[in-house]
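Participant: Given next are the chains, with one letter for each unit.
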Amino acid sequence: WLRLWNLTWFWFDESFILFVAYFSTMSAKLSALHSDSYVEVSQYRDQHFKGNRKEQEKLLNQSNTLYVGNLSFYTTEEQVHELFSKSGDVKRIIIGLDKVKKTACGFCFVEYYARGDAEHAMRFINGTRLDDRIIRTDWDAGFKEGRQYGRGKSGGQVRDEYRQDYDPARGGYGKLAQQHPPVESRNTY
Amino acid sequence: MQKVARLLPEKLTVYTTLVGLLNARNYNFGGEFVEAMIRQLKETLKNNLYNEAVYLVRFLSDLVNCHVIAAPSMVAMFENFVSVTQEEDVPQVRSDWFVYVVLSCLPWVGKELYEKKDVEMDRLLSQIEGYLKRRVKTHVQMLQVWTAEKPHPQEEYLDCLWAQIQKLKKDRWQERHILRPYIAFDSVLCEALQHNLPPFTPPGHMPDAQYPMPRVVFRMFDYTDAPEGPVMPGSHSVERFVIEENLHCIIKTHWKERKTCAAQLLSYPGKNKIPLNYHIVEVIFGELFQLPTPPHIDVLYTTLLIELCKLQPGSLPQVLAQATEMLYMRLDTMNTTCIDRLINWFSHHLSNFQFRWSWDDWADCLTVDLEKPKPKFVKEVLEKSMRLSYHQRIVDIVPPTFSVLIPAEPIFIYKYLDETASTLPGYQLSITLGNAIKNRATNEEILTILKEVPNPNQEDDDDEGESFNPLKIDVFLQTLLHLAAKSFSHSFSALAKFHEILKTLADSDEGKLHTLKVIYEVWRNHPQMIAVLVDKMIRTQIVDCAAVANWLFSQDMAHEFTRLYIWEILHSTIRKMNKHVQKIQKELEEAKDKLEKQQLKRDMDKNSEDEDGQLEEQIERLQEKVESAQSEQKNLFLVIFQRFIMLLTEHLVRCETGSVDISTPWYKNCVDRLQQIFLMHHVTIQQYMGTLENLLFTAELDHHILAVYQQFCALQL
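Respectively, the protein sequence lines represent chains V and Y. For the first sequence, position 19 matches number 19 in UniProt numbering, and the numbering has no gaps at all. For the second sequence, position 171 matches number 171 in UniProt numbering, and the numbering has no gaps at all.
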């Protein structure tokens with residue numbers, strides 16, 4: 001925008017208008033000044049939640065608990081504790097389990113004593129790596145017994161039922177792909 | 001517009017230009033705007049928002065450049081500010097602030113003011129010079145990241161700014177870095193009518209005023225460090241000041257949105273003329289290492305640097321690696337608190353980049369005493385890295401020569417593991433207990449078993465076996481924790497299930513101390529587990545904060561005294577104590593408010609007084625609770641400081657009698673840790689200064705120890 005000044009300084013009125021135009025785009029940024037988008041509640045709603053949408057949203061907006069996804073099956077509670085303690089004191093961690101095998105199936109809940117600490121986790125730990133994997137955090141309405149189990153048909157998470165890729169840290173191929181392997185692999189020797 | 005002045009200070013010249021143009025068109029608008037800004041300035045000062053007030057004054061001063069405000073009236077305001085240095089019996093930080101405001105505006109408006117009022121400005125500057133010479137600078141040492149003067153002196157912030165302004169003056173106020181849009185509109189603006197600032201008397205000093213604390217300027221780079229490309233402005237150039245100011249402002253504005261923050265930092269105007277990556281890295285580390293505390297939560301800086309690396313993958317990682325290398329090389333003189341933060345940053349950073357690092361470059365750390373800062377740093381980094389991954393990973397990522405620095409495998413050490421322990425007094429009982437717990441015995445059944453444990457401290461058992469019995473604690477806790485060793489959750493469940501028993505066993509000061517001792521013995525290879533168990537035990541009141549402090553300072557833990565996890569446990573303990581006091585104080589305030597509201601209602605409604613009575617009783621109980629909590633808090637600090645004094649005095653006396661140099665790595669660590677207690681909890685400690693001075697930090701104390709206390713007091717002068 002430096003070129004702007006060179007072109008227009010002769011004409012006060014026109015340059016004033018251009019300047020105001022620039023300023024208005026800056027003003028759009030003003031609302032951005034209070035933006036805290038990393039802390040916003042996502043579109044996801046728990047289909048098994050006991051209560052209506054309004055109640056769920058209220059709980060999400062006051063929650064101290066985060067859902068953490070895309071964990072390796074081998075990631076331990078200790079590792080989760082170490083990472084998430086960087087944003088504040090952790091009250092408890094519940095490792096998500098395969099409903100059948102009762103082994104870790106790649107997600108967990110992290111509950112903080114203070115919501116502010118959970119917000120910091122959303123701002124600074126969400127989207128960074130744990131066990132070399134980019135993990136994702138989202139607000140959770142609060143842990144209830146039973147929610148620590150995967151909801152996929154095979155016992156793990158739903159996402160691991162249908163995915164086509166090979167992920168060694170999450171049991172290899174997706175469950176469906178394991179039963180019906182892709183055509184190419186059947187033909188390789 | 002005013003909001004913008006406060007919140008986007010790095011773009012202030014854009015907005016002052018706009019105000020200038022509007023003023024040129026409409027004189028009244030200019031007048032109203034200036035009046036509104038003055039009102040806002042008064043408000044922010046009244047509300048202790050000194051950092052915001054700086055931006056407001058800077059905005060006003062730039063309005064002089066836009067012909068909105070007449071230069072002489074700005075000079076008059078500055079004169080009023082500087083006259084605060086003549087006030088008597090005020091904290092130094094008060095006059096510091098007023099001098100800082102004036103100096104920090106001069107890069108923007110110095111030229112214009114000097115052109116119009118050079119005599120007055122000279123007088124102003126000479127007054128400031130006199131003040132700066134008189135200032136007490138006891139606090140500087142406590143705030144320096146490095147104790148060494150080379151390669152970059154860690155300057156007190158006012159001294160540095162003064163040197164920068166002096167240089168600017170010598171350069172005849174030619175400042176070329178700040179973007180000044182108003183220059184392009186000069187022909188229009190110079191026709192505008194200017195306003196005079198109303199005379200502004202700085203508000204007087206109030207006892208509850210909280211002036212900003214003094215700072216030390218963080219420098220780690222100079223022009224020799226950026227190999228090619230634009231040259232880094234010198235440490236005393238005003239450009240350096242403006243760039244650093246603006247980068248700090250950008251972080252302050254966008255800290256909540258790391259992607260935006262990184263993008264804004266990297267699109268800093270004029271970036272082609274400066275080695276921007278170096279400035280950014282320096283500013284970020286400057287904040288991370290700031291003493292007493294960083295402006296933002298530590299993890300922000302880790303994530304921000306990662307975002308920057310993502311946006312500039314071809315250049316920023318190299319600068320960061322260079323910075324890390326430099327920080328490693330200067331560890332010997334780095335403040336221990338800053339080393340802590342470096343350890344946490346580096347290990348977390350590495351965990352996002354597959355722990356790739358050229359460890360061999362640091363092989364020199366293996367050739368010195370392992371207690372020295374460099375090997376200690378590497379050891380702690382590997383320990384933290386292991387916590388974020390697993391033991392074998394660490395073995396794999398370092399060269400075999402580094403094996404001496406690899407942390408121990410975090411496994412449980414069970415005293416009663418097998419038959420080899422059969423001669424130990426508690427062995428048989430550990431088996432009985434273990435089976436009982438596995439078979440879900442009730443608390444009563446467990447207690448019955450425990451009654452059988454002989455007390456090595458007594459000739460014969462007393463009736464209930466209630467007194468302190470170290471063997472009972474040992475057998476029960478070792479067996480329980482062994483069964484629950486699988487994970488944090490398992491151990492927490494165990495503590496919860498047998499909470500009553502544990503509380504009873506630990507029911508004396510000795511009991512609490514012994515409980516902590518046992519936890520250490522079984523989990524000494526897993527410091528992370530020790531920390532979470534101690535945390536849980538404090539929260540469930542099995543042990544109290546003072547017990548933890550006494551345990552950490554005990555002879556049994558002396559060999560661990562310089563390890564990072566010890567201090568993390570201690571600071572976490574102090575924080576829990578502080579939060580506890582705050583919580584009860586809040587409950588008391590709320591109850592008092594409730595009573596007030598109720599009394600008001602009663603006066604109007606003439607309702608019953610029963611509720612009042614209940615509330616009053618509750619308030620009385622809460623009052624007692626607050627006093628008791630504060631007493632516990634004060635006692636905790638007394639215990640900690642007392643222990644420090646004992647340890648340090650012992651060391652100093654021993655060195656003196658042996659004619660040995662006091663400056664061992666242990667000593668430096670210990671003094672830095674004492675300092676750290678003051679710095680990290682200064683808000684709380686302020687309340688107890690009187691007691692501390694009367695009981696502990698008296699004139700009889702060795703001057704080495706007293707110096708730490710005096711430096712701390714100097715922070716608030």
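Just so you know, the hints here were simulated from the structure itself, not pulled from any lab data. Built from N, CA and C at the ideal position, the CB exists for glycine as well. Hints should not be assumed to be uniformly reliable.
Stated by the list, open to error - Simulated restraints on C-beta separations:
no.: 1; chain 1: Y; residue 1: Q642; chain 2: V; residue 2: A169; range: 33 to 39 Å
no.: 2; chain 1: V; residue 1: Y162; chain 2: Y; residue 2: P227; range: 46 to 52 Å
no.: 3; chain 1: Y; residue 1: K273; chain 2: V; residue 2: R115; range: 53 to 59 Å
no.: 4; chain 1: V; residue 1: P168; chain 2: Y; residue 2: F353; range: 15 to 21 Å
no.: 5; chain 1: V; residue 1: G51; chain 2: Y; residue 2: D593; range: 29 to 35 Å
no.: 6; chain 1: Y; residue 1: E444; chain 2: V; residue 2: Y113; range: 54 to 60 Å
no.: 7; chain 1: V; residue 1: A169; chain 2: Y; residue 2: Q541; range: 53 to 59 Å
no.: 8; chain 1: V; residue 1: Y113; chain 2: Y; residue 2: T432; range: 54 to 60 Å
no.: 9; chain 1: Y; residue 1: D171; chain 2: V; residue 2: A169; range: 25 to 31 Å
no.: 10; chain 1: V; residue 1: D165; chain 2: Y; residue 2: D360; range: 44 to 50 Å
no.: 11; chain 1: Y; residue 1: D612; chain 2: V; residue 2: I134; range: 43 to 49 Å
Stated by the list, open to error - Quick list of in silico lysine-lysine cross-link-like pairs, DSBU-like style, CA-CA up to 35 Å:
no.: 12; chain 1: Y; residue 1: K137; chain 2: V; residue 2: K91
no.: 13; chain 1: Y; residue 1: K579; chain 2: Y; residue 2: K137
no.: 14; chain 1: Y; residue 1: K597; chain 2: V; residue 2: K54
Participant: If you check the beta carbons of K273 of chain Y and R115 of chain V, does the distance land in 53 to 59 Å?
Facilitator: violated, 44 Å
Participant: Does the Cβ-Cβ separation between A169 of chain V and Q541 of chain Y fall within 53 to 59 Å?
Facilitator: Violated: the Cβ-Cβ distance is about 40 Å, outside 53 to 59 Å.
Participant: Keeping to a limit of 35 Å between CA atoms, is the pair of K579 of chain Y and K137 of chain Y held or broken?
Facilitator: holds, 33 Å
Participant: Determine whether the Cβ-Cβ distance between Y162 of chain V and P227 of chain Y falls within the hinted range of 46 to 52 Å.
Facilitator: Since Y162 of chain V and P227 of chain Y have Cβ atoms about 51 Å apart, the given range 46 to 52 Å holds.
Participant: Keeping to a limit of 35 Å between CA atoms, is the pair of K597 of chain Y and K54 of chain V held or broken?
Facilitator: holds, 32 Å
Participant: Can the suggested window of 25 to 31 Å be confirmed for the beta-carbon pair D171 of chain Y and A169 of chain V?
Facilitator: violated, 59 Å
Participant: Should the hint that G51 of chain V and D593 of chain Y are 29 to 35 Å apart at their CB atoms be regarded as holding?
Facilitator: Since G51 of chain V and D593 of chain Y have Cβ atoms about 32 Å apart, the given range 29 to 35 Å holds.
Participant: Has the hinted range 44 to 50 Å been met by the Cβ atoms of D165 of chain V and D360 of chain Y?
Facilitator: violated, 36 Å
Participant: Are Q642 of chain Y and A169 of chain V spaced within 33 to 39 Å by their CB atoms?
Facilitator: With Cβ atoms ~50 Å apart, the hint is violated.
Participant: Per the hint of 54 to 60 Å, is the separation of the Cβ atoms of E444 of chain Y and Y113 of chain V within bounds?
Facilitator: violated, 33 Å
Participant: Does K91 of chain V lie within 35 Å of K137 of chain Y when you go C-alpha to C-alpha?
Facilitator: Roughly 43 Å between the alpha carbons, so the hint for K137 of chain Y and K91 of chain V is violated.
Participant: So the hint says 54 to 60 Å: do the beta-carbon atoms of Y113 of chain V and T432 of chain Y match that?
Facilitator: Given range 54 to 60 Å: violated, Cβ gap about 38 Å.
This entry does not satisfy hints 1, 3, 6, 7, 8, 9, 10, 11, 12, going by the numbered hints stated previously.
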